[in-house]
Every structure is written in structure tokens, then in C-alpha cells.
Amino acid sequence: MDFTFSPEHIALRRMIREFCDQELRPRARQVDRTGQQDREFLRWMGELGFFGIPFSQEYGGAGAGEIGYCILMEELNRVCPSTATIIGAHIGIATMSLYLDGSPALKRKYLPDLCTGRAIGAFGLTEPNAGSDAAGIQLRATLEGDSYFLDGQKMWITNGPIADLVMVLAVTDPALGARGGATVFVVESNTPGFSAGKPEKKMGLHGSPTSLLNFDEVRVPKENVLGQVGLGFVTFMKTLDIGRVSLGAATLGGAEAALQASLRWVKARSQFGRPIANMQSIQFMLADMATDVEALRSLVYRTAWLVDSGRPFIKEAGMCKLLGSEIASRCIDRAVQIHGALGVSREFHLERGWRDARIAEIFEGTNEIQRIVIASELLQEIGVRIRP
Amino acid sequence: MNVIVVLRALRDPDSFTVNRRAQKIFVNREAYRLNPSDHNALEAALALADGAAGAVTVTAVSYGGQTAADVLYQARAMGAARAVWVSEPALHQADASVLTRVLQRVLEYLGGADLVLMGDGVLDADLAQVGPRLAAALDWPFVEAAHRVQLAPDDDNRLVGVLANSAAGAGGFRAVSAALPAVATIAADSNKPRYAPAARIIRVYAEAQAVESVTAADLGLDETAMTALVTRRGESFPPERTLGQRIEAPDELAAQLVAALRR
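Protein sequences appear in the order of chains A and B.
Numbering of the first sequence is given in the working numbering, commencing with residue 1 and proceeding in unit increments.
Numbering of the second sequence is given in the working numbering, commencing with residue 1 and proceeding in unit increments.
Hints were generated in silico from the structure; no laboratory data involved.
Bear in mind the structure is a predicted one, so any value in this text is a computation, not a measurement.
Even for Gly, the Cβ is constructed at its ideal location relative to N, Cα and C.
Misleading hints may appear alongside valid ones.
[Said to hold, decoys possible] Beta-carbon label-pair distances, calculated as ranges:
1) B:D14 to A:R302: 25 to 33 Å
2) B:D222 to A:E23: 41 to 49 Å
3) B:A228 to A:E40: 47 to 55 Å
4) B:G244 to A:I10: 39 to 47 Å
5) A:R25 to B:A225: 45 to 53 Å
6) A:L263 to B:K24: 18 to 26 Å
7) A:E40 to B:R20: 31 to 39 Å
[Unchecked claim] These stretches of chain B come out as covered by chain A in the derived footprint (C-beta under 8 Å, 3 or more residues):
8) 67-79
9) 130-138
10) 187-201
[Unchecked claim] From chain A, some residues computed to sit far from chain B (all C-beta separations above 10 Å):
11) T4
12) R25
13) G35
14) T142
15) S147
16) Q153
17) P161
18) G181
19) T191
20) E200
21) P221
22) G227
23) Q228
24) G340
25) A341
26) Q380
Build the full structure now, drawing on both the sequences and the hints.
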């Protein structure tokens with residue numbers, strides 16, 4: 001057994017951390033306040049390889065694998081969850097679906113731009129009437145000649161307003177529905193008939209724009225079918241399975257940031273004549289937070305290793321997302337408690353962290369869905385097959 | 001043209017605490033980093049290569065244990081074409097005289113150089129002498145604490161526009177030129193070092209000979225050459241400085257300040 005990171009992953013983390021501390025941290029509050037992350041800044045991160053970190057260098061990626069990607073998400077989310085979410089949706093679900101199931105030609109066409117951040121991706125699954133029940137999608141794609149025409153709506157799409165490419169799941173055969181009748185399309189956002197709604201007003205992640213997407217007879221050439229016609233649901237589920245690992249890594253970053261902030265504070269803040277680090281009530285909270293963080297770190301990086309070494313990982317990936325989102329929420333909440341009134345001040349970063357953390361229990365499959373995923377994997381091991 | 005940049009790995013200043021009362025340094029965790037002004041020297045060297053379309057080759061050199069190799073990988077990932085590691089852990093404790101001899105031999109090993117850059121000081125040892133010593137030993141010109149390095153466009157053999165902040169007075173810079181080959185030290189914070197692209201980090205570690213390792217014996221350095229002039233007998237801390245005088249009354253401020261400064 002070997003729990004050490006490889007030298008290249010250590011070096012990668014060092015570079016990313018330096019970048020996050022020096023360049024991203026000073027911008028994080030502004031990104032939250034204005035609801036915008038500067039496109040030039042995103043381009044800079046693209047040049048450094050942040051937008052294609054797990055993908056093969058053949059397609060312009062960094063070739064750092066799932067472990068490298070988890071390192072990126074952990075470090076980004078320590079500092080700016082909004083920016084982490086932009087990149088997470090871009091890599092973890094949008095680009096990943098193309099990387100997993102796209103034809104060589106489609107990959108050659110779009111991956112180099114996606115991997116370098118010249119194009120930003122979004123992943124279109126959720127609809128007004130389909131969320132946890134992803135199979136209930138209604139956005140329709142009809143074949144006419146050598147093109148498909150897409151009609152319908154997607155909702156709550158991360159990166160919706162800023163995406164250049166959207167991977168959309170649409171119904172190609174209503175008789176078969178999601179199982180055999182849904183197909184993924186790569187849609188260029190400048191295609192006539194496509195439009196993104198106004199960014200939603202959310203509790204957190206203000207800098208990560210989320211919106212409705214409208215498809216009004218959007219013409220998509222046949223070549224832009226991602227994977228096989230009819231098997232889109234499989235592609236999307238496979239993509240979400242792997243995306244949960246890096247989402248767990250992001251929550252790890254949030255929890256760690258809360259712990260680190262608390263450690264600095266308990267040393268600096270004195271009450272009753274001594275630093276509050278001396279209070280047992282504080283020590284217990286710190287110990288619980290550190291234990292949570294360490295447990296999550298072990299789970300996340302072991303699961304990333306399962307992915308990189310080609311082993312089954314679906315159950316563990318669900319656990320990363322489930323445990324991670326809960327740990328991040330409770331660690332940040334404890335950190336707010338330790339900081340007292342400062343914890344809720346808008347002049348301090350914890351309040352933002354607290355708001356940003358909550359969505360992780362909901363997006364990319366609610367925690368209830370994660371429990372179903374984990375349970376169905378568990379039960380399958382004893383020969384019981386369940387369907388949601 | 002060959003530019004050599006000398007790098008030193010040192011303990012991250014954030015990783016230890018100095019306890020005056022106990023007269024001890026407590027190491028809290030093992031963390032190392034590239035000496036800050038060496039980082040600036042590396043950036044200065046890479047900037048020379050940027051505009052030169054392959055005419056400038058940057059070679060990074062470091063000495064010491066594994067941490068020296070780590071900073072060389074970092075240099076390769078940032079863009080240095082070659083890296084040479086004098087893998088002698090004892091060299092981390094070496095004084096300026098030994099390091100000068102080592103660097104002279106490294107230059108011979110590399111087949112000479114046109115320009116040697118390094119930081120203008122190191123955080124963990126008194127090694128600001130290495131630059132001037134090396135220049136003196138080679139009989140090359142030396143420029144101290146340069147803020148920017150440029151190569152003359154009209155004459156390949158001159159290094160011009162070295163902006164040094166010494167003796168310039170009131171926040172200005174003085175342009176100095178030196179004939180190549182030359183040695184220059186680079187001022188800390190004089191530029192903003194680039195970040196290594198993620199793909200290069202991964203590629204460099206996959207390369208078999210990304211960092212070439214040589215030993216003192218390979219360089220033909222015997223025990224005499226490796227013997228320091230300075231010996232370390234122990235550690236002590238300088239006395240704590242007393243607080244300066246605080247001038248409170250605003251109306252008398254100017255007069256008191258003048259009087260205090262005159263004293």
C-alpha cells in the first residue's frame with residue numbers, strides 16, 4: 001500500500017496552490033459580489049492547462065488524470081468555489097462526456113479548444129420537468145435530412161450564459177424514451193435558435209452563472225451526435241458517475257479552508273485572558289473538523305486512484321459526493337461558530353463559503369440520489385437489482 | 001548563447017517558528033521552496049529566451065539533496081531547456097568559497113556560458129558572496145541586484161540595460177552594461193515569475209533525463225576543493241531590538257523628528 005502522491009502531482013499541486021493564493025484569492029470576493037468571473041482570467045487559467053487537466057495531451061489536455069483533476073478542484077475550491085464550479089462543470093461533466101464517448105473526429109474538432117479554455121463547456125441534462133428523474137427529459141430532437149432539429153428547454157445549467165459548447169441530452173425516439181431513445185448532441189452556442197436565459201439569483205456560487213437554455217429549432221449536424229444515437233442516457237450517467245469524484249475533491253477544499261481559517265483564528269483570538277485555542281470546546285470542534293477532512297481526503301484520493309487505475313469506482317464516487325458535501329457544510333458551519341460574529345460578516349470569507357457550500361448537497365445528483373446509487377451498487381454485489 | 005541560472009532550495013519560511021526564549025528553531029513541517037530571488041533570476045533568464053527564437057538556451061543548476069532536484073524540475077517545467085543537479089547533500093551547508101569552486105566546475109562541465117544569473121541573496125545562509133566571487137574567479141564582469149536584463153540588439157557580445165538599484169538614489173535605476181560573458185545577481189521581487197503550465201509539469205516528470213545528476217567526483221572536485229573556509233560552531237540569536245522612540249504630539253512632531261534624526 002502506498003499513500004504518497006507522485007512527484008508530478010506534488011509539483012502540480014504546488015503550482016496550482018501558488019496560482020490560487022496569489023492570483024485567484026484577491027479576486028474571489030469581487031467574483032461573488034459582481035457575479036462575474038473575468039473571461040481574460042479564465043483564459044489565463046486555460047493557458048496554464050486548468051481547463052483540460054485530466055485529459056490526454058494528445059487532445060491538448062495536461063494528462064494529469066483524475067488525481068490531478070481532484071487536486072485542481074480541491075485547490076480551487078479552497079479559494080473560490082464559484083471559479084471551481086465553472087471549471088468543474090466544464091471539465092467534469094461537459095468535456096468529460098465528449099472525452100468518454102465522442103468519436104475521434106468529434107474529439108479532434110472540439111477537445112483542443114475545450115482543453116485550453118478557448119471554448120467553455122456546459123452540460124445540459126436538467127429540464128423544467130426532469131431533475132432527479134433524469135429519464136423524464138422532454139427536449140426533442142428530430143432528424144430531417146442530415147441534421148437534427150432541437151426543440152425544448154434545459155434548466156439550472158451551470159455555465160449556461162457563458163458556454164461556447166453545450167452537451168445536450170435530447171429525446172430522439174419518444175417511444176423508447178431515455179433507455180434507447182435519448183441522444184447527446186454537441187451544440188455550438190452561436191447556432192441560431194439557441195439562447196441562454198438570465199443568470200439565476202442563487203444563495204451561493206454567485207460567480208458561477210446558471211441559467212435556462214432555450215432551443216427553438218436549433219439545427220445540429222449529424223456529425224455532432226456525441227456517441228451513438230439512442231445511447232445518450234448511458235453517456236450522461238457514465239459522465240455523472242465520474243464527476244462525483246472531483247465534486248468530492250471540491251468539497252474537500254471547502255472543508256479544509258474552513259479548518260485552516262479556524263486554526264489561524266483560535267491562535268489569534270483571545271478570550272478570558274488566553275487564546276481560544278486553549279478552550280476544550282474549541283479543541284473538540286477542531287478535532288472533529290480535522291477528522292472529517294482526513295476521512296474525506298482518504299476517500300477522495302483513493303477513489304481517484306480507482307478511476308486512474310481502471311478499477312470499478314461508481315459506489316465510491318457516490319460516497320465522495322455524499323460524504324464530501326455533508327462534511328463541507330458542517331465544517332464550514334463549525335468554522336462560522338468558532339469565528340463568532342466575524343463568521344457571519346460579509347467582510348470575511350466564511351459567510352461566502354457557507355453560502356457556496358450548500359448546493360453541493362443538491363447538484364450533480366442530490367444526496368438522496370447518491371444514496372440510491374450507493375445502495376444499488378451495494379445490493380448488486382449480493383445479486384439484488386433495484387431501479388429507482 | 002547559454003544562460004546559466006543558479007538555484008537554491010530552502011526551507012519554506014512558513015514551515016518553522018523561531019523561538020527566542022528557547023533559543024531554538026522549531027520545524028513544524030517539512031516544506032521547501034525555491035529561494036525567492038533565485039525564482040526572479042530564473043524568470044529573468046527565461047524572459048531572455050522568450051524573445052530569442054531558440055538563440056538563448058537556459059540551463060538551471062542546483063546543488064544539495066533531493067530538494068535541489070525538486071526545484072530543478074520546477075525550473076524545467078517553467079521552461080528551462082536543461083537542468084544540472086550537483087547531487088551532494090553536504091553542499092547545502094557549504095560556504096561561498098566552496099560553492100564558487102563548484103559552480104566554476106559546473107560551467108566547465110557545461111562547456112562554458114555567456115551569462116550566469118542567480119538571486120542577489122538567499123534566505124537561509126549568507127551566500128550573497130557567491131556571485132561576486134564567481135565573477136572574480138572567472139575574471140568576468142559582475143552586476144549586482146539587477147532588476148532587468150536585456151541583450152543588446154546591435155551587438156551580440158554585450159549585455160546592456162541591466163538596471164541595478166544600487167547607487168541610483170531615490171528610487172531610481174541606473175542602467176549598466178557589461179561585456180559577455182558576465183555574472184549578474186537579480187534583485188528579489190524585480191519581476192513576476194511565470195507559472196509552469198500543467199502539461200509541462202507532467203511531461204517533465206515523464207522525461208528520463210529531465211534533471212542530469214552529477215557528483216563532486218564527476219566534476220573533478222577533491223576534498224580540498226570541498227572544504228569550507230567557514231566552520232559552524234553553534235547557533236545563537238541576535239539580541240532582541242528595543243523599540244524606537246514614539247513621538248506623540250502632532251504639533252511638535254516635525255521639530256522632534258528633526259532633533260531625533262540629528263542625534
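Status of each hint after checking the structure:
Look at D14 (chain B) against R302 (chain A): about 29 Å separates their beta carbons, and that is inside 25 to 33 Å. For D222 (chain B) and E23 (chain A), the hinted distance range of 41 to 49 Å is satisfied, since their beta carbons lie about 48 Å from each other. With their beta carbons about 50 Å apart, A228 (chain B) and E40 (chain A) fall inside the hinted range of 47 to 55 Å. The hint said 39 to 47 Å for the Cβ distance between G244 (chain B) and I10 (chain A), and at roughly 44 Å that hint holds.
At about 46 Å, the CB distance of R25 (chain A) to A225 (chain B) agrees with the hint of 45 to 53 Å. Roughly 22 Å separates the CB atoms of L263 (chain A) and K24 (chain B), a value that falls within the hinted 18 to 26 Å. At roughly 47 Å, the beta-carbon separation of E40 (chain A) and R20 (chain B) lies outside the given 31 to 39 Å, and the hint is violated. Counting residues of the region 67-79 of chain B whose C-beta sits closer than 8 Å to any C-beta of chain A gives 4, which meets the bar of three, so the coverage hint holds.
Coverage of the region 130-138 of chain B by chain A is violated in this model, with 0 residues showing a Cβ closer than 8 Å to a Cβ of that chain against a need of three. Look at the region 187-201 of chain B against chain A: 6 of its residues bring a Cβ nearer than 8 Å to a Cβ of that chain, three or more, so the hint holds. For T4 (chain A), the shortest C-beta to C-beta distance to chain B comes to about 13 Å, beyond the 10 Å cut-off, and the non-interface label holds. At roughly 15 Å, the least C-beta separation between R25 (chain A) and chain B is larger than 10 Å, which holds for a residue marked as non-interface.
Residue-level check passed: G35 (chain A) sits 26 Å from the nearest beta carbon of chain B, beyond 10 Å. At the 10 Å boundary, the C-beta of T142 (chain A) stays outside the reach of chain B, the nearest C-beta of that chain being 41 Å off. The beta carbon of S147 (chain A) is kept farther than 10 Å from every beta carbon of chain B, the shortest such distance being approximately 36 Å. Remark: the non-interface label on Q153 (chain A) is consistent with the geometry, its nearest Cβ contact in chain B lying 36 Å away (cut-off 10 Å).
Non-interface call for P161 (chain A) relative to chain B: holds, since the shortest CB-CB distance, roughly 27 Å, exceeds 10 Å. Taking the minimum C-beta to C-beta distance to chain B, about 39 Å, the non-interface status of G181 (chain A) holds against the 10 Å cut. The beta carbon of T191 (chain A) is kept farther than 10 Å from every beta carbon of chain B, the shortest such distance being approximately 31 Å. E200 (chain A), annotated as away from the interface, keeps every beta carbon of chain B farther than 10 Å; the closest lies near 31 Å.
Taking the minimum C-beta to C-beta distance to chain B, about 31 Å, the non-interface status of P221 (chain A) holds against the 10 Å cut. A cut-off of 10 Å between C-beta atoms confirms that G227 (chain A) is not in contact with chain B; the least separation is 26 Å. The Cβ of Q228 (chain A) lies farther than 10 Å from every Cβ of chain B, with a closest approach of about 31 Å, so its non-interface assignment holds. No beta-carbon of chain B comes within 10 Å of the beta-carbon of G340 (chain A); the shortest separation is about 26 Å.
No Cβ of chain B approaches the Cβ of A341 (chain A) within 10 Å, the least distance being about 28 Å, so the stated non-interface status holds. Once the 10 Å rule is applied to beta carbons, Q380 (chain A) is consistent with being away from chain B; the minimum gap is 35 Å.
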